[in-house]
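A.B. asks: Listed below, chain by chain, are the residues.
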Amino acid sequence: NAGVTQTPKFRVLKTGQSMTLLCAQDMNHEYMYWYRQDPGMGLRLIHYSVGEGTTAKGEVPDGYNVSRLKKQNFLLGLESAAPSQTSVYFCASSYVGGEKETQYFGPGTRLLVL
Amino acid sequence: QQQVKQSPQSLIVQKGGISIINCAYENTAFDYFPWYQQFPGKGPALLIAIRPDVSEKKEGRFTISFNKSAKQFSLHIMDSQPGDSATYFCAARRKLTGGGNKLTFGTGTQLKVEL
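As given, the protein sequences belong to chains A and B, one line each in that order. Counted from 1, the first sequence has number 45 at position 45 by my numbering; the numbering is strictly sequential. Counted from 1, the second sequence has number 85 at position 85 by my numbering; the numbering is strictly sequential.
Do not rely on the hints blindly, as some may be mistaken.
[Claimed, not checked] Now the in silico label distances, taken between C-beta atoms and shown as ranges:
(1) Gly40(A) <-> Lys95(B): 35 to 43 Å
(2) Ser18(A) <-> Ile12(B): 21 to 29 Å
(3) Ser69(B) <-> Thr15(A): 45 to 53 Å
(4) Lys9(A) <-> Gln9(B): 36 to 44 Å
(5) Gln81(B) <-> Gln72(A): 23 to 31 Å
(6) Glu56(B) <-> Gly40(A): 34 to 42 Å
(7) Lys95(B) <-> Thr7(A): 24 to 32 Å
(8) Asn73(A) <-> Glu59(B): 29 to 37 Å
(9) Ile18(B) <-> Met41(A): 42 to 50 Å
(10) Ala2(A) <-> Gly99(B): 20 to 28 Å
Calculated from the structure, these hints are not laboratory results. Even glycine gets a Cβ: it sits at the ideal position worked out from N, Cα and C.
One chain only, chain A, in its complex shape (with noise of 0.2 Å):
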């Protein structure tokens, strides 16, 4: 299993451009969720989903939007980026039900904004 993997890596935008954050789980985990993660903050929820074709809204969502069509996928888009968020984009998913219900986090996504 690869578990929750992130494309692309690294990306380098221009202010006012677009782009999509790919993320995908193969454990078959009904939540899946996007954080931000900045210098001295730790980890900020954006955009979460309980299942295919659902999604909410996290603390910091403004500037950005989700998709969910399928559901091992999660799709985080910026439609037009702006320089303060350039940051470490992070997915994360988690399976239903038990006390456990921890997060399992992708390798990270780190996009610069100029």
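Put chain B on the given structure of chain A with help from the hints.
C.D. replies: Frame of chain A; chain B shown alone:
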């Protein structure tokens, strides 16, 4: 608003020593407290976790101590090794209405274990 406060920001420990990282939370709706370990260029990975009705959990060299009344919990790494050098995040979980759970992370502690 930082709901999970973590300290110290960085920590240097000698090989064989004990590393201690502390976290404090405010929201009593949190129901699960995991610790994640992150190596450079990698995603966070679950290290150990505890429920709030348990005061201590030990897995190998890693121990979580939990004080519910004080809303504090800490990670102890016994016999610290150079391979433990990484960034450690505490987190607190809250169930989301409609399903899923939300992890609120501390700001991280960069641990370096020196020979």
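A.B. asks: If a hint holds in the structure, say so; if it does not, say that too.
C.D. replies: So, going through the hints one by one against the coordinates:
{"no.": "1", "hint": "Gly40(A) <-> Lys95(B): 35 to 43 Å", "verdict": "violated, 28 Å"}
{"no.": "2", "hint": "Ser18(A) <-> Ile12(B): 21 to 29 Å", "verdict": "violated, 43 Å"}
{"no.": "3", "hint": "Ser69(B) <-> Thr15(A): 45 to 53 Å", "verdict": "holds, 49 Å"}
{"no.": "4", "hint": "Lys9(A) <-> Gln9(B): 36 to 44 Å", "verdict": "violated, 27 Å"}
{"no.": "5", "hint": "Gln81(B) <-> Gln72(A): 23 to 31 Å", "verdict": "violated, 36 Å"}
{"no.": "6", "hint": "Glu56(B) <-> Gly40(A): 34 to 42 Å", "verdict": "violated, 30 Å"}
{"no.": "7", "hint": "Lys95(B) <-> Thr7(A): 24 to 32 Å", "verdict": "holds, 30 Å"}
{"no.": "8", "hint": "Asn73(A) <-> Glu59(B): 29 to 37 Å", "verdict": "holds, 33 Å"}
{"no.": "9", "hint": "Ile18(B) <-> Met41(A): 42 to 50 Å", "verdict": "violated, 28 Å"}
{"no.": "10", "hint": "Ala2(A) <-> Gly99(B): 20 to 28 Å", "verdict": "holds, 25 Å"}
Hint compliance for this structure: hints 1, 2, 4, 5, 6 and 9 are broken, all remaining hints hold.
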